[in-house]
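Quick mapping for you: the protein sequence lines, in order, are chains R and P.
In terms of our numbering, the first sequence has 38 at position 38, counting the first letter as 1, and numbering is strictly consecutive.
In terms of our numbering, the second sequence has 148 at position 148, counting the first letter as 1, and numbering is strictly consecutive.
In case anyone wonders, no lab produced these hints; they're calculated from the structure.
For each residue, glycine too, the CB sits at the ideal point set by N, CA and C.
None of the hints are false.
In the DMTMM-like style, the derived pairs of lysine to aspartate or glutamate whose C-alpha atoms are separated by at most 20 Å in a straight line are:
| # | chain 1 | residue 1 | chain 2 | residue 2 |
| --- | --- | --- | --- | --- |
| 1 | P | Lys200 | R | Glu38 |
| 2 | P | Lys200 | R | Glu55 |
| 3 | P | Lys200 | R | Glu45 |
| 4 | P | Lys404 | R | Asp59 |
| 5 | P | Lys404 | R | Glu38 |
| 6 | P | Lys302 | R | Asp59 |
Chain P side only, calculated, beta carbon under 8 Å to chain R, not exhaustive:
| # | residue |
| --- | --- |
| 7 | Asp95 |
| 8 | Ala179 |
| 9 | Pro229 |
| 10 | Leu232 |
| 11 | Ala398 |
| 12 | Ala401 |
| 13 | Lys404 |
| 14 | Phe408 |
Now the in silico label distances, taken between C-beta atoms and shown as ranges:
| # | chain 1 | residue 1 | chain 2 | residue 2 | range |
| --- | --- | --- | --- | --- | --- |
| 15 | P | Thr60 | R | Leu78 | 32 to 40 Å |
| 16 | R | Thr43 | P | Asn218 | 27 to 35 Å |
| 17 | R | Ala23 | P | Glu328 | 54 to 62 Å |
| 18 | P | Ala278 | R | Gly203 | 34 to 42 Å |
| 19 | R | Leu167 | P | Gln269 | 33 to 41 Å |
| 20 | R | Ile182 | P | Gly285 | 44 to 52 Å |
| 21 | R | Met272 | P | Ala105 | 54 to 62 Å |
| 22 | R | Met272 | P | Asp140 | 52 to 60 Å |
| 23 | P | Ile288 | R | Met272 | 48 to 56 Å |
| 24 | R | Pro71 | P | Ile288 | 37 to 45 Å |
| 25 | P | Gln269 | R | Thr123 | 43 to 51 Å |
| 26 | P | Asp339 | R | Arg64 | 33 to 41 Å |
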Amino acid sequence: MKHRTFFWFFLPTGLAMVLFIAAPIVSVVMQSMFAPHEAVIVTVENCGPFGCTEETTIDQEATREVREAAPLGRFVGLDIYFDRGHLAVAEVGEAWRSTDSLGAFFSKLGNLPFYRAIGFTLTYTFVVTPLLIILGLMIALAVNSLHRRLKGLVIFFSLLPMIVTPLIGSLILFWMIDSRGILGSAIQWMANDPELSLKASTGLTWVTLIVYGVWNSAPFAFVVFYAGLQTLPQDQLEAAQIDGANRWQQVWHVVVPHLMPLVTFVTLIQLMDNFKVLEPIVGLNAAAHATSLSWIILNDLGGETRQLSAASTTSVLTIIGVAILLSPVLVRTWRDFKGKT
Amino acid sequence: MSFTKKIVVAAAFTALGSTAALACEISARVSIVGNEFPAIQTVGANAQACSGAEVSTNLTADHQKINLPGMQGNPAEYTSAIIANSSIVALMNDDVIRPLDDLVAKYGGSLKKNQLITINGQIMAVAFMANAQHLVYRQDILADMGIEPPKTYEDMLAAAEKIRAAGVLENPLGGAYAAGWNLAQEFNNMFLGYGGEHFKPGSAEPNINNEAGVKTLNMMKALSEYMNPDFLTHDSNATSAEWKAGNVAIMNMWGSRVGPLRDPEGSLQVVVDNTAIAGPMTVGGGSIPASTLWWDGWTVAKNISDAEAESTFMAMMNGIDPSILDNEEVAEQAVWLIDGYEPTEAAVGVFAAANAGTIPYPMLPYMGLMHTALGAELSDFMQGKESAEQALADVEAAYIAAAKEKGFL
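Work out the full structure: start from the sequences and follow the hints.
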């Protein structure tokens with residue numbers, strides 16, 4: 001394609017990408033480096049239904065002048081990145097100096113919001129992603145071997161977890177695993193422990209979140225793999241059968257290699273998605289036991305006083321995290337691409 | 001719109017049959033954002049009874065996430081936000097609501113002086129109801145066991161032990177201890193009860209890592225031993241559900257949520273018949289109840305035309321017109337501050353709270369940040385994963401980081 005043709009061809013997409021991807025990222029990076037101005041505070045008398053009290057409030061006149069002089073706020077550079085709510089450089093250094101074992105150091109680290117969140121986020125990402133790929137592949141293989149008439153119905157039911165809104169799905173699970181819910185009671189009965197509560201234990205909450213994550217995302221892997229199975233080279237399969245390969249060997253040596261590019265694709269998308277885990281934590285009310293980077297952003301924005309700069313900083317850190325996470329897969333894809341040309 | 005919501009609105013409208021005669025003619029658009037519970041639904045529906053221009057409402061539990069962004073534009077999307085003493089601060093901090101002195105002088109004849117929220121001498125909001133958390137108890141269970149309704153949290157613990165030991169209920173206490181806003185609010189209650197002050201006088205420096213703070217956490221931990229083990233996931237709704245199912249005998253609950261507990265639809269009959277209320281409890285021998293006083297009121301946006309502000313004020317005045325109290329159901333929805341309100345039985349707890357000198361929730365520019373820090377950092381202690389001192393140090397550190405960012409420190 002000529003460069004000129006390519007330019008006009010790409011322009012609409014390019015514009016949309018600049019507008020909807022690049023510009024917001026630039027804006028978030030800017031906001032993470034600027035913080036609101038120092039508040040000018042005055043003590044005033046406030047009165048209401050319960051009498052009058054001396055309280056402090058923001059001096060709007062004085063604050064407006066400062067704001068108009070520098071509408072972006074005060075430039076703080078990377079200060080917010082390094083504060084306790086984020087990378088907590090000072091606190092981590094202190095923890096390193098004051099502890100003599102790695103275990104103690106990590107336990108101190110787990111007390112800092114960012115590292116606690118990253119701990120759960122990474123565990124979730126690296127447990128859920130492989131599990132959902134394996135489960136998705138298993139469902140796809142099972143459905144593919146079904147009778148033609150049954151397929152439609154089974155596909156529909158297999159897709160249900162993906163169709164249900166994540167927040168609703170997690171809410172339903174939340175009620176079911178309540179100690180008085182159907183699953184909660186069943187587990188108590190099976191474990192023979194009437195005190196057992198999934199919601200009161202950090203470990204069990206993590207398990208619940210991970211199970212939910214796999215349940216919710218497996219249909220995506222299933223759909224992709226199922227589509228891939230339709231292009232399976234029959235002659236290779238037949239050759240394998242003639243060579244006496246059993247079903248497991250056929251899957252491992254013929255089907256999986258054929259689906260490998262799709263596995264890479266699903267891995268990429270799911271690593272990205274799972275790193276941004278949010279809905280199950282909100283839906284399962286699990287913030288006491290598990291937090292994620294996205295949950296921190298929601299918490300910063302949802303308080304009575306919104307912390308835009310803190311939320312922006314966590315957003316930028318999330319983007320960096322996703323980039324690091326995807327880099328091995330991207331590098332591999334790039335090498336494959338170079339190898340082909 | 002949910003089914004129940006429709007019913008509430010419909011009921012409110014029917015209730016309005018008589019008030020519609022009240023002339024409320026407005027000339028410019030009115031758009032209201034606010035929280036969602038029956039009393040506010042009533043105010044919103046009454047404001048919508050005005051004719052001449054469109055009055056729209058957006059009443060949702062997520063109101064505080066949208067009211068500020070919705071009022072920062074020029075012209076503002078929302079011409080009025082219904083807020084409480086905690087959430088008005090965010091609107092004040094960003095200067096998006098206007099002083100109402102001239103409008104009150106012109107149209108606010110029926111307002112009582114204690115409805116006017118003045119900040120630095122300017123009227124910034126009009127309050128229409130009061131609220132507080134207070135004692136709710138099952139009179140049948142307490143009477144059977146020969147226990148007096150507790151006046152202090154120490155009594156509450158003793159009562160809980162008795163009820164559990166007798167095998168009546170396994171987890172006799174309730175409380176909205178869900179990690180986040182609710183848990184932080186319970187800390188605030190107890191901390192004020194122990195005589196604590198959140199900030200060093202006259203500054204934004206935190207002041208919770210002290211004896212009062214440690215006592216507060218230890219008391220909360222002691223109480224939680226008698227609660228459903230899932231207490232860190234129980235907000236006011238879930239706690240109410242436990243109550244309605246008859247699993248709880250004593251709890252500290254919002255006055256505005258007592259009505260639904262006695263609703264035969266959703267509550268066991270024995271709960272309906274025996275849910276009793278009393279004033280908030282004290283703690284640690286203190287005289288000030290371990291609770292906070294709240295008001296709900298409305299504001300008028302700054303970034304709108306004067307005509308819109310005038311129409312908004314008139315519509316909101318119609319929303320809280322004394323005639324709405326003629327409907328008995330409406331009169332029981334809240335502890336109204338409106339002229340002519342006769343306290344109903346449901347108001348006993350909140351009135352007792354006000355009379356006992358309960359402290360109003362602090363209206364400070366940085367209180368919201370403290371509340372958020374408490375909500376995020378206390379759950380480790382409640383699970384027994386760290387000491388009270390460590391939890392309080394974490395809260396202070398988290399608060400300081402946030403306050404530095406927002407320019408308060």
